[in-house]
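Sequence lines, in order, name chains H and A. The opening position of the first sequence corresponds to residue 1 in the numbering used here, with each subsequent residue numbered one higher. The opening position of the second sequence corresponds to residue 1001 in the numbering used here, with each subsequent residue numbered one higher.
The set of hints was computed from the structure by calculation and includes no laboratory data. Every value quoted in this text rests on a predicted model; they were computed, and no experiment measured them. There may be inaccurate statements among the hints.
Stated by the list, open to error - Result set (DSS-like, lysine-lysine): computed pairs, CA atoms no more than 25 Å apart in a straight line:
id : chain 1 : residue 1 : chain 2 : residue 2
1  : H       : K41       : A       : K1053
2  : H       : K64       : H       : K14
3  : A       : K1068     : A       : K1053
4  : A       : K1106     : A       : K1054
5  : H       : K41       : A       : K1110
6  : A       : K1103     : H       : K41
7  : H       : K20       : H       : K55
8  : A       : K1110     : A       : K1068
9  : A       : K1103     : A       : K1068
Stated by the list, open to error - Listed next, with one range per pair, are the computed distances between beta-carbon atoms:
id : chain 1 : residue 1 : chain 2 : residue 2 : range
10 : H       : D27       : A       : H1078     : 28 to 36 Å
11 : H       : P8        : A       : S1108     : 25 to 33 Å
12 : A       : S1050     : H       : T31       : 32 to 40 Å
13 : A       : R1058     : H       : S54       : 39 to 47 Å
14 : H       : G16       : A       : I1060     : 45 to 53 Å
15 : A       : P1039     : H       : K14       : 33 to 41 Å
From the three backbone atoms N, C-alpha and C, an ideal C-beta is built for every residue, glycine too.
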Amino acid sequence: GAVVSQHPSWVICKSGTSVKIECRSLDFQATTMFWYRQFPKQSLMLMATSNEGSKATYEQGVEKDKFLINHASLTLSTLTVTSAHPEDSSFYICSASLNTQYFGPGTRLTVL
Amino acid sequence: KNEVEQSPQNLTAQEGEFITINCSYSVGISALHWLQQHPGGGIVSLFMLSSGKKKHGRLIATINIQEKHSSLHITASHPRDSAVYICAVRSGGGSQGNLIFGKGTKLSVKP
Chain H
1 GAVVSQHPSW
11 VICKSGTSVK
21 IECRSLDFQA
31 TTMFWYRQFP
41 KQSLMLMATS
51 NEGSKATYEQ
61 GVEKDKFLIN
71 HASLTLSTLT
81 VTSAHPEDSS
91 FYICSASLNT
101 QYFGPGTRLT
111 VL
Chain A
1001 KNEVEQSPQN
1011 LTAQEGEFIT
1021 INCSYSVGIS
1031 ALHWLQQHPG
1041 GGIVSLFMLS
1051 SGKKKHGRLI
1061 ATINIQEKHS
1071 SLHITASHPR
1081 DSAVYICAVR
1091 SGGGSQGNLI
1101 FGKGTKLSVK
1111 P
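Construct all of the structure, not just a fragment, from the sequences and the given hints.
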């Protein structure tokens, strides 16, 4: 089946630094990738929809200048959390769309 | 009220038991997903349904579009089935539509 990878799988950073998370579709091309965030014991929440070659579409309440999304190729989308703060600590999951959505394994971000 | 409601929130079963997890939704959908999230957080897509019933191994998923309800059944449950099961509906058309997630059902199967 289709495989989506994320890197890194976990990251710990200091407050104020920026963190980049990569999402790759390994064996298929995905014109659309989605970024989700999941807080403990909460459901996944869509942050943004990333379309190859165009600007991402952000959900209401998600700051586009804080969560920078780049979808430079059909197999790679990146999410950069800029000037991270402890409240950004969460589990970030991407998915890539090919008839259905295939989910990455997630990245656990901890901001100290 | 959430657009996607799952029940129960938590479920403990003995190995071998038949398990049912329910999902009700209040929006118009083009498809419904059942996902499995392992303790480490990784998500696996189990089923995508738009009508009827699908079966894969010991897992069965059904959907009733008129009643806006879906069920996930696990036959002969096993401790390795322990995970959070998430129902997600796709609103909007096409394969790119937004997913709306339920809060999940945490299943624990005891040996």
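(request) Report the numbers of all earlier hints that the structure fails to satisfy, in ascending order. (result) 1, 8, 12 and 15
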